[in-house]
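All chains should be modelled from the sequences, with the hints used to inform the complete structure.
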Amino acid sequence: MVVEALVDQLLNGLTIGVVYVLLAAGLSIVFGVMDVINFAHGELYALGAYFAFSVTTAAGDPNAFWVALLLAPAAVAVVGVGVERLTIRPLYGRNPLYHILLTFGLVLILKDVVEFVWGPGNKSYPVTPGVLQGQVAVAGFDFPRYSLFVIAVGSLMAAGTWYALNDTRVGLVVRAGAQDREMVRHLGIEVDRYYTLVFAFGAALAGLAGVVLAGRNGLEVAMGDSVIIPAFVIVVLGGLGSFRGAVVGGLVVGVVQTLTRSGVVAEVFAPVPVVGELAALLPALEGLVVFGLMIAVLLFRPRGLFGNPEWQSSEGEGDLLVGGGGALGSVWRRRLALGAVALLIVAPFGVGLAYDGFVVYSLLVSILVWALFAVSLDLVMGYAGLVSLGHVLFYGVGAYGTVLAADGRVTDLVAAVPAVGSPLAAGLGALGYADSLPLALLTGVAAAAAVAWVVGYLSIRVAGVYFAMITLGFAELFRQVVVKLPASWAGSTDGLYGAELSYSVAGVSLGEVGDVVLVEGVAAGPVVLAREVRLLYFVVLAGVLGGYLLARRVIEAPFGGVLTAIRESEARAQFLGYNVVAHKRRVFVLSGALAALAGGLQAVTGLVVGVGPSLLHWINSGEVIVMAVLGGMGTLYGPILGAAVFRGGQELLSTYTGQWRALLGLVFVLFVVFLPRGIVSLPGELQRRLRERGGDPPTGAPAETPAEPKLEGDD
Amino acid sequence: MSADDASGTGAGTDRESDAVLATEALTKRFGELTAVDGVDLRVERGEFRSVIGPNGAGKTTLFDLITGAQRPTSGSVRFDGEDVTALAPHERVRRGLGRSFQITTVFSGLTVRENVRLAAQSVHDASISRVDRFLRPKGSFEAIAADTTATLKRVELADRTEERAGALAYGDRRRLEIGLVLATDPAVVLLDEPTAGMSAEETAATMQLIDEVLADRTLVLIEHDVDLVLEVSDRITVLDRGRVLTTGSPEAVADDGDVQRAYLGGDRG
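The listed protein sequences correspond, in order, to chains Y and V.
When we follow this note's numbering, the leftmost residue of the first sequence carries the number 1, and every step to the right adds one.
When we follow this note's numbering, the leftmost residue of the second sequence carries the number 1, and every step to the right adds one.
No lab work stands behind these hints, which were simulated from the structure alone.
Treat the hints with care, as some may be off.
Taking CB as the label site, the calculated pair distances span [said to hold, decoys possible]: (1) V:S74 <-> Y:A74: 54 to 64 Å; (2) Y:R335 <-> V:R130: 30 to 40 Å; (3) Y:W489 <-> V:A143: 21 to 31 Å; (4) V:A25 <-> Y:S330: 54 to 64 Å; (5) Y:G93 <-> V:T246: 41 to 51 Å; (6) Y:L288 <-> V:A169: 49 to 59 Å; (7) Y:D167 <-> V:G38: 27 to 37 Å; (8) V:E162 <-> Y:I619: 38 to 48 Å; (9) Y:A164 <-> V:T246: 48 to 58 Å.
Every value quoted in this text rests on a predicted model; they were computed, and no experiment measured them.
Where is the CB? At the ideal position from N, CA and C, for every residue including glycine.
Here it is as structure tokens:
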């Protein structure tokens, strides 16, 4: 029985593995040739499946599946051509990190488009050809025919790709381009011409993967999400840009993932002492092992297991473009800011008069929290040039730290420490630790700062795209830990809800969070002046403003000056005598702490105090990047604007359509392509355009030249 | 200037003579290729030394080894009597080993003043308290501001302080870069082909600027063009295929048969 189960699971693993190979091969070739990390690769995979669904449904004939097998990948390739021509092409020559930002915007768009066209809910092909149904007996084992079919198709495509890369002229150029693009250019070959072809081919492979796997696992809108992270892991393990790495990595991850998940390994080893017990832990550790491996490879062998040893990523081809004010002088900017703060302060007094509580206590609070999160990201992205794709890690640690402290679990943990534990716990008790909002928030912030120090210490030595991937790895690792650990640790998939917190320190309390109402209702005769002004709102406002002012203060201090210098030219800053790595690490810790404050505030401002693992989803890391870039990074106030526009836009659009993300994604993509310096650069950009129309000859590339660059602090 | 007027201050720790910068058997291999091969370089305090050699002689690699941009395979670098071989580039700069870049590198998005201020801040960095470093406005440090203003005057950019560095004309950018080096107050300045890609006119202006502004420093100039360095150097070291071919006065080097062969008759160049 065990042997049969093992063979079964091995076949399952190979089936998934082959699909991973198709996905990772496309991802890897595209990266190798174009330096583009395509976040939307998973969505192309989903598109392939949905196209095939349409074909098979419309035809109603089982054999339509064969048609879909050809048509759907071709259609995805066409989509790929459009994507490359319209959005990716304008960004060549800019910092490769812009492609990550761009393709993240495409994820938002494509996902919603799929949902809009095909509707939510799970689906499956109506019929598949009879020859693919049922089992076939080989050597005494029954194998599902469909799995064998998937493996056959995948192997055939992989072999074909291998042949195309190794034995055709196009393949030669593609491989040479991946090795050394400049050299190929010097040979007089226009590598760029091959980009569209390569991207379309990668898209077709992803589409094909979608078509075949959907015949086995069915379709759902989020199917792209579920494969993109494993695909990244595979590409990183195998070596960015390496086809062989994608093949080996895909098969290994597919098999290992399936075997550990299924528990069959545990069954096999159960009779063996010690080993059996370790094997029993495997299903819980699967995610940890995979992401741990990914992080280790990035740290110690960034080129991956099969990557080109002379790998040269063309980092620094272009700069990250920071926002610039321009049209408004610093005096006016300051006046506007003070005006905005004044409005925020009086906002709760209008509840029940001009708008209901939702606007202030839900929407405004959410905007404020995300604004602080975006400001924290801006510190590392806009000033130190580090694109963190896993910033949700610190946001999450802040939220979880806060809730765990409120839950009393931190106290329990401290009490469990031998010798010093009990008196320490008693001391915490005397401070009223488990009830105190400030102390709970502080716990989250301190924990995140510590985590940021460790993550920064490990990852800041790797640059650019690799840094982005490694932070993504750490964030996913943390999510896996939270979900896979027993619920008594951090609530697992259910999350932690219902802890109680007060505005208190050491027994002095103003009352419980959520309950304290500053003004119950003020009336002057028949005129109601205000209804229910809650203290919590002002706590959030103070926390966010305080965080922003601290960030700004730091940026305008000598430390911040050096950060700006590092952003401008790392080599120059180093040869002025500055320790670039140390500066990046320090700002990473500060950024982690501020993100944690945002996370903590998020956790205490819900209907009940609490947090769940959905807060840790990578899409949150992506959205905060969208906000920062949308507003204008490297300005600190731009990301606040971005958060307001994004959250406000979401609120506004979601009353009309469920596909608000697609619209915001589209806006974001347009910004990345046409106005990468963000909303804050809009006035200056307009002025410049008007001036040009007035007869001045245009100077330089339009989008690249700042109208009036931001020089110093913004006041 | 000449090697004779080197003063004896501070370098007494070096055993043999008053070398402010010295390399011992410095070697760098890339696989089979030995780019720098057992180079012993001794630069006296106050000297203007040029290191020349044909393309591929290992000049840039030597430069990188001295500044710390690359680590040597073997051998050592001594600066001011201290072994700095294991130090990171920024630590060498802090000890007084400044450098310019072959391609002018300034902070082009920042103002001229902020560029120089950043360089001046580096000199005072150790004396800034931790709280001040993170929270005090960067413009409020008087010593830094004074140094900044002095340097701006020295490189004749005092009237353009609020302009964006990227918007400066090429010559002014070059000036600014020299200013950045000067503001870090280096004892030794390493210049990596400062006139690469310049017209004859620009080259003359740049060499004059270096002579004016950096005359009181020890200079090590890495250069491809022999004629350029003959006039300004105190001594010249000639590299060929990673090795020191000869070191001597400009006259001696100009007359050296080996040097002429390396440049003219060799199988490389």
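Okay, the hints, checked on the actual structure:
1. The hinted window of 54 to 64 Å between V:S74 and Y:A74 holds, with their beta carbons roughly 59 Å apart.
2. Under the hint 30 to 40 Å, the C-beta atoms of Y:R335 and V:R130, about 34 Å apart, fit the expected range.
3. For Y:W489 and V:A143, the hinted distance range of 21 to 31 Å is not satisfied, since their beta carbons lie about 53 Å from each other.
4. Our hint of 54 to 64 Å for V:A25 and Y:S330 holds, since their Cβ atoms are close to 57 Å apart.
5. At about 45 Å, the beta-carbon gap between Y:G93 and V:T246 stays in the expected band of 41 to 51 Å.
6. Taking 49 to 59 Å as the suggested C-beta distance range, the pair Y:L288 and V:A169 conforms, at roughly 57 Å.
7. Taking the beta carbon of each, Y:D167 and V:G38 are about 46 Å apart, not inside 27 to 37 Å as hinted.
8. A beta carbon spacing of about 43 Å between V:E162 and Y:I619 agrees with the range 38 to 48 Å that was offered as a hint.
9. In this structure, Y:A164 and V:T246 meet the distance hint of 48 to 58 Å, their C-beta atoms being roughly 56 Å apart.
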